[in-house]
Structure formats: C-alpha cells, structure tokens
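> Here the protein sequences come in this chain order: A and B. Reading the first sequence from the start, the letters are residues 0 to 295 in numbering that gives the first Met the number 0. Reading the second sequence from the start, the letters are residues 0 to 271 in numbering that gives the first Met the number 0.
Check the hints yourself; a few may be wrong.
[Unchecked claim] Computed footprint of chain B on chain A, listed as stretches where at least three residues anywhere in the stretch have a Cβ under 8 angstroms from a Cβ of chain B:
no., region
1, 17-27
2, 58-67
3, 99-108
4, 118-128
5, 132-144
6, 229-243
7, 269-279
By construction, these hints were calculated from the structure, which means they are not laboratory data. We treat Cβ as the ideally placed atom computed from N, Cα and C, and that holds for glycine.
Spelled out from the first residue to the last, the chains are:
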Amino acid sequence: MRRAVLIAVPYLWLLALFLVPFLIVFKISLSDAAIARPPYFPQLEVSEGWSGLKEFFAELDWENYIFLGEDVLYYQAYLSSLKIALISTVLTLLVGYPIAYGMARAAPEWRPTLLMLIILPFWTSFLIRVYAWKGILSTEGLLNQLLMSLGIISDPLTILNTNTAVYIGIVYTYLPFMVLPIYSALEKMDDSLLEAAEDLGCSRFQAFWLVTFPMSRAGVFAGCFLVFIPALGEFVIPSLLGGSDTLMIGKVLYEEFFSNRDWPVASAVAVILLLILIVPIVLFQLNQQKQQEAEQ
Amino acid sequence: MRRFSWFNVTSLTLGFAFLYLPMIILVVYSFNSSRLVTVWAGFSTKWYGELLQNEDFLQAAWVTIKVAFFASSIATVLGTMAAYVLVRGGRFHGRTLFSGMIYAPLVMPEVITGLSLLLLFIGIGLDRGILTVILAHTTFAMCYVSVVVSSRLISFDRSLEEAALDLGCSPFEAFRLVTLPIIAPAVISGWLLAFTLSLDDLVIASFTTGPGATTLPIKVFSAVRLGVSPEINALSTIMIGIVTIGVITTSLISKRSAIKQAREERAADRST
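Chain B extracted, bound-state conformation (with noise of 0.2 angstroms):
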C-alpha cells in the first residue's frame, strides 16, 4: 500500500502552483485594459487587437512558421534516417563519430552552436536569411528526431521486417509498409517536437538570420529586453493557449488509441 502523505500533497500542490501560477498571471494580465502591467484597471481586449494590428508581428509570426515547417520537415526526414542507420545499420566507418554528430547537438550551449554555423555561412559567401534559419535549425533539429524515433526503432520486434524481406519484399518496401507504420507515432513527435524547438528558438536564430528574415522570438526578445509590455502578454496568451490545445488534444488520441490497441490485442488473444 502507498503512502500519499501530507507531504507529497503539499510539495505537488507547491510545486505545481509554481510551475503555473507565472503563466496564468501573464495569461490574467493580457486581459488588463491598463498599459501598467503591474496594475489591474479593468478587463480588456485591446491588446489582442493592437498585436493583430501590428505589422511587423505578424510578419515575423509568418517566418517563424515557414522556417519551423520547412526545418522540422527536413530535419524529420534526415533524423529518421540517422535513426534506422544507427539502429540498424549495423557496423561502417566512421558510426562512432556519427552517433557523437547526433548525440553533441542536444547538449550543446546554443551560443556556440549559433556562433559555428554563423562563421560557416560567412566562410562559405551564403547571404544570411530565410534559409540559413532553415539550416541552423533543420541541423539541431534532426538531432532530437533520430533520438525520438530510435527510442521507437530499439524497442520495436525485428522479425517483422524479416519476415517481410523473406516474403519477397525489397528492402525499401519492407521499410515503407512495415517499419515506417510501426514506427510513424515516433516520426510524427518527432516532427512536433522539431516544430516546437524551431518555433522558440531565439539564439541560434539571431545569429544565423539576415535582414527580411526576423522571427518571432527575436522581435519578442528586443520588446521584452525593455521591459514589459501588454502586447507581448497577449501574444503569450495565444501560444500558450495554442500550445495547450495542441498537447491536450494529442494526448488524447494517443490514449485512444491505446485503448484500441489493448482492445485490438485482447481479441486476438481470445482468437488464438
């Protein structure tokens, strides 16, 4: 029998609160119709439409999502590869340096990575702007895919894609019709996750951008350096709220369909 004691109630109330209560304070005070962000005056929309009105946010709001598809697209497909050579593609040259390649990036500070490809882009006479954002972030990115899809990969039965290779499938096949369904829960968070890194990354955007190519998280961080400001609280909100709908919704299906899966499998049990 578990004890849930006094104690764990009140340091998961605590810690929770602590967790939360900054943001349902930015999420309160977006609503405020004073310009002091310290002092309640009333409930308001206006800053939501002052933001939606304000051009320059929007275009930055614009980037970010083109640079945050195109990246997490990119960096999906490259990181599912790196994932199934490292899992299985068994001994070459070089696998160690690949695996420290791909492990290196999730730990590294993002100034010294922003800084390197920087140097890189100059080196090599590339304009910074839309796509050097769109490589930074494709190369971090597909770092955190392969780990997410090789977790998937490591823990999932090898015989099937055997058997399916002993069936007269060629190896592409195999991976298209077996592995690739098995394994898609994996690829989709993974590309979720890349979207989400992109999307709020500020450092290696500053230093790998160009001019036409701000994103949102740097118009955000020279806004916020001066203080803070009602429209940025609104902003908050909104993808806050976005962020919430997103993962509540995604943990249900996930539910769902685990559900279906115990089902699924109990029934086949009772056939056999």
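Same shape as in the complex, but just chain A (with noise of 0.2 angstroms):
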C-alpha cells in the first residue's frame, strides 16, 4: 500500500507535467493557426461526445509539417542549428581535453581544488556569464581594446552579433561539462602503461595517441553528448551573443510562439527539433551503459 503511494506520486506529477504536455504539443503540431483564443483550431468539445471527437481528429493533418519541409527558413535554421553545435562541440572539446589532461596529471592533493574551480562557474548564473562576454566582445569592448593597444590590428573587429561570439559563447559556458566527463576517464588511467608504451619505443606523442587517447574515449563522447544536445537547441546564446543572421532552431522557435504568435508552427518545430535529438541521446544512453558495464 505505503510503496504504490510512494511509486504513484511521482510518476503521476512525471506524467501529468511532462508527458502529456508533448502529447499537446503533439497535437497542436496537428491544428491550424487560428485567430481566436487559444490561437489554434480544432479545439476538444468533450459535450459533443462520440460525433465531436471524430470531427476533432478529421480536422487534424500534417500541414504545419509539410509547410516547415516546403519553407526554406525551417530547413536552414535546423542546419545551422547543427553546424553550430557540431563546430561548437569540437571547439569545446579541443579547449577541454588539454585541461582535463593537464588536471588528470597535477599532484593529487592539487587536484580537489582544480575540480572545484571548475565546476565553481557550472553553479553562477548562466546568463550572467553569456552577458559577461558582451563587454568584451563588442565594436569598442576590451577585447578590441586590447588588440589594437598590442598593435596587432588597426581597426576594431566585428565579433559580437556574428556566429563567432556564438562558439565563444558555447565553449566558454558548456566548457565544465566536457572537462568532467574526460577528466573522470584519464583519472582512473594507470600511469605504468605509458611507461610500457615508451619502453617499447614510442614517442611521447604517440605514447599519448596509442595509449592515453583511447582510454578517455568514453569521456570524451559523454563530454561531447552533452555540449552538442543543450547546444542544439540552445536559446539563450544565440539570442544575446548572435546576430540577425544566426539562425538556430530555439530562436526560431521562441519568435514563431512569442512574436508571431503562430503556436501550431512552433509545435510542429518543437515535434522535429525532438526527433533530430533522439540520435545522439540514444548514442549517449548507450555510451554510458557500455561505461558502467565495463566499470563492473
């Protein structure tokens, strides 16, 4: 009795608030735009009974789904969302695996207070620190600054509002969760092994290449799953550090709802963004099996 209230409680708030909400996003993908409120048509008439619900489902259709296919707007901003993240993910990943390194290889009582330091900006305000970048990033920001008091240009360069301060932007704030995961990985390595490997005539680097690399693959595709999935449809960075010409798929979903009000479109992107997603999560839910599996 005590336990099926225990399993009930939350799974019916799980229920209530997380999966029946897609089935109406799900649904409304399916409706018209509507000048009414809510926006949207057909509505449910439960008094109708039988003959209204049968109406209800012969008004839905695909329509918003074949509009966003015939729409170049939609497909661009669903590639350049993925470029983004993809070219953002291997930035981070070639920022954050020196790091990890060189923090997998300080003296152990270094190496809390390294760990702390970083996941340290993982807990300030995400939106503080994409607006951090703004002041430095801009026409006469300290950046442009400092470069032109080095000498090393002559006019100030256009880094805000470009896709630029967007990879800055998702290097600089998804930096720890890429850090973590390869750090854990080269942790646990056993130093012996490179010792072998150099004893057996490899170079530094290719002691590193042959042996410490693969070691920390699975950190390294946890790290890079979870840069690339929040990237994909990141809203926040693309809205302050990006211009009027980057498009990404959050943005675009977040105008089509608050400006344009048209709420069976923004579905319909929100029903494909998740589909694009279900790849990688997959990928990543069975990485992390097979890593638990082998730590077993």
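These two chains come separately, so use the hints to put the complex back together.
Here is the structure:
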C-alpha cells in the first residue's frame, strides 16, 4: 500500500507535467492556426461526445510539417543549428581536453581544488556568464581595445552579433561539461601503461595517441554529447551574442511562439527538434551503459 | 612518477584564465564610475546604490527566491521518492517509462519543456503566475534531485536497511532512521542544485510566467538584450559573490566531515 503511494506520487506528477504536455504539443502541431483564444483549431469538444471526437480527429493533419518542409527558413535553421552545435562541440573538445589532461596530471593534493575551480562557474548564473562576453566582444569592447593597443589590428573586429561570438559563448558556458567526464576517465588511468609504451619505443606523442587517448574515449564521447545536445536547442546564447543572421532553431521556436503567435507551427518545430535529438540522446545512453558495464 | 610538463601548466593556466577572466572583468567594471562600461573612469559603488533603489529588480528578486525555495523543496521530496522507487522499488508496471521520464528532462531543450508546459497550463485553464512557474521548475528540478540521490542510494550497503527491518522497524522507520541519515548529504546537494537551477532559469520561466510573476532572469534578460549596463554588472557581482561563498563553504564543510569520518573509521578499526 505504502509502496504504491510512493510510486504513484512522482509517477503521476511526471505523467501530468512531462508526458501529457508533449502529447498536447504533438496534437497542436497537427492543428491549424486560428485567430481565437487559444489561437488554434480544432478544440476538443467533450460535451459533443463521440461525434465531437470524430470531427476533432478529422480536422487534424500534417499541414504544418509540410509547411516546414517547403519553407527554406526552417530547413536552414535546422541545418545551421546542427552546424553551430557540431563546430562548437569540436571547439569545446579542443579547449577542454588539454585542461582535463593537465588536471589528471597535476599532483593529487591539487586535484580537488582544480575540480572545484571547474565546477564553480557551473553554479553561477548561465545568463551572467553569457552576458559577460557582451562587454568583451563588442566593437569598442575590451578585446578590441587590447588587440589595438598591442598593435595587432588597426581597426576593431566585429565579433559580437556574429556566429563567432556564438561559438565563443557555447565553448565558454559548456566547457565544464566537457572537462569533467574526460577528467574522470583520465584520472583512472594507470601510468605504468605509458611507461610500458615508451619502453617499447613509442615517442611521447605516440604514447599519448595510442594509449592515453583511446582510454579516455568514453569520457570524450560523454563530454561531446553533453555539449552537443543542449547546444542544438540553445536559445540564450544566440539571442544575446548572435546576430540577426544567426539562425538557431531554439531562437526560431521562441520567436515563432512569442512574436508570430503561430502556435501550431511552433509546436511542429518542437516535434522535429525532438526527433533530431533522439539520435544523439540514444547514442549517449548507450555510451553511458557501456561505461557502467566496464566499471563493474 | 607523473610528469607534469610545461604543456600541462600552460593549458591549465590558459584554461582557467579563459573561465575566470570574463567574470573578473565583470566584477571589476561593476565598480566603474562611468556609465560607459568599456571605459574605466575611477572607483565607485554608485551602481550598487542604484540597484538597491530599483523597485523592479528587488520585486523580481523576491519572486525568484520564493519560486526557487518552493520549487526546490517540493522537487527534493518528489525526487528523493523517485530515486528510492528506482533503486529500491523492484519491478513494477511502467518502470521503463518512469525511468525514461526521469532522465528525459535532463537532456530536453528548455524551449520544448517551456512550450509544452505552457500549452498544458492553457489547455487546463490554469492562470499563469507564480504557481505555474513553481510547477514547471519542480518538474525539471525533481529529475536532477533524483539523479543525485539515486547515485548515493546505489552506492550504500543495503544490509543496513535489512538489519533495521529485522530488528522490528517498519519500512518507514527504517527509511527515516537508517536510509535518510545516510543519503542526507545527497538530498541536501540535490536541494541546492534544484535551488540554483530554479534561480538561474530563464527560458522555462518566460514561457510559464504571467503578470506579476516576473523573475530576475527574465528582468535581466530584457535589460541585457539592449546592451551592457553597469547596474546589471553590479547585480552579477552580488550573485557571483553569493555563489562563491556558498560553494567554498559547502566544500569546506564536506571536507571537514570527510576527515572526521575517516578518523572515526580508523578509530573503529583499531577497537576491533
């Protein structure tokens, strides 16, 4: 009896506030926009009974999805989100790997402090961390001031409101997600393996590439997914650092909903984004399972 | 012998400089007396004064704290229940769906979660306001709590609970007297995580909020969209300060309790 209550309470909560809302999104994505409150059609008329229900289903169609397929804007938004997420994941890996590697090589008594220094930014507001770059990257910002006073450039660079600023923002905010799994993979590594490789005639770089890197592969995968998945649907970074030509699907969805008030199209955009995300999410889960099995 | 090469030193130095310089610059410029945020004109604390007189910000901060407190508290209860069910509950109908619903919100784009909850609230005719934001935050925060708590539940010895049951405890007593004290650190860090996530959330809150329930991130976002402002720098500095003090204090406390635990274990080993 008690056990049933224990299961039922969180279960029903998640059903009502997680699963049902998705079904509603899916349903609205099959509806038509209407100038009404709420602004979509058809509405389910429970009072009309069976015929109302039949009429309701007859009105649902895939029109919005066809519209998304025909409109170049959406197509480009998905492609450009994928591109931005992919490039920034690779950049985060390039920045994050050396940091994780350095941490794993540091003296053991230093490691907890280094770990805390990586986690600390995660606890500070995401919004503030993105905002901090606005003052640095703007035309009269600190980066341009620095580069000009060093004589590296003569005219200020335009970085803010371009895709470059979006890359910097994503790398900066998601760096801890990349560093932590790689660090935990590298930390467990046995150093005698490296010595063996070098005794057998590997150069230091070969030893790294043939021994260290393969051992950290699971961490690299986990880190890449943890950056790629949220970056794909990112809204805050493109809207604060990106320009008007930065197309990201999260931003498109937000604007479709709040500015255009086209709820059925916004819902269809959401459903497709979710379908795209299923692939990396399943791959991520498989990677995690494999890792857990390897540890047991 | 580990080799800590110049390459490691350089990458750590550059990496931490990259992580921390933007925030340090933000803090420094919050004390700038000029309204132009990129030109240093002398030390001043006037933006803090102006911030504290800004009724809108204070109101939004209060709403945010209320939301975060209620959402993280409910989420901690629900998340701990969910973790207990997942780790100790055995098999039941729909277990796969349940664990899927726990893990899915962790990777769900915020725009989708926000949109779907908004459509639900409109569908059932619930007026949007502070309550809907609390409901929304509770839902995604409970999943984080449940992940944190279940990792602790998995790692601890089940025979302790069984011993309590053998000695005549009811399941609830066993939970309260044995399980809860052991998982308490995880429950507390789950609550802290939920609280921080709720304080920080912009996207889900802007979908689910209504008149009179503007949270601080929404306020900050609309101010920041227009450009950099010294009041926001001052506000950021205050928030960074609170978080830094909080994280350092909790890590010192957990370090001390780890030392204490190690000492007790050694004493116990010696006495046997």
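> Hints numbered earlier in the text: which of these fail when held up against the supplied structure?
Violated hint: only 2; rest satisfied.
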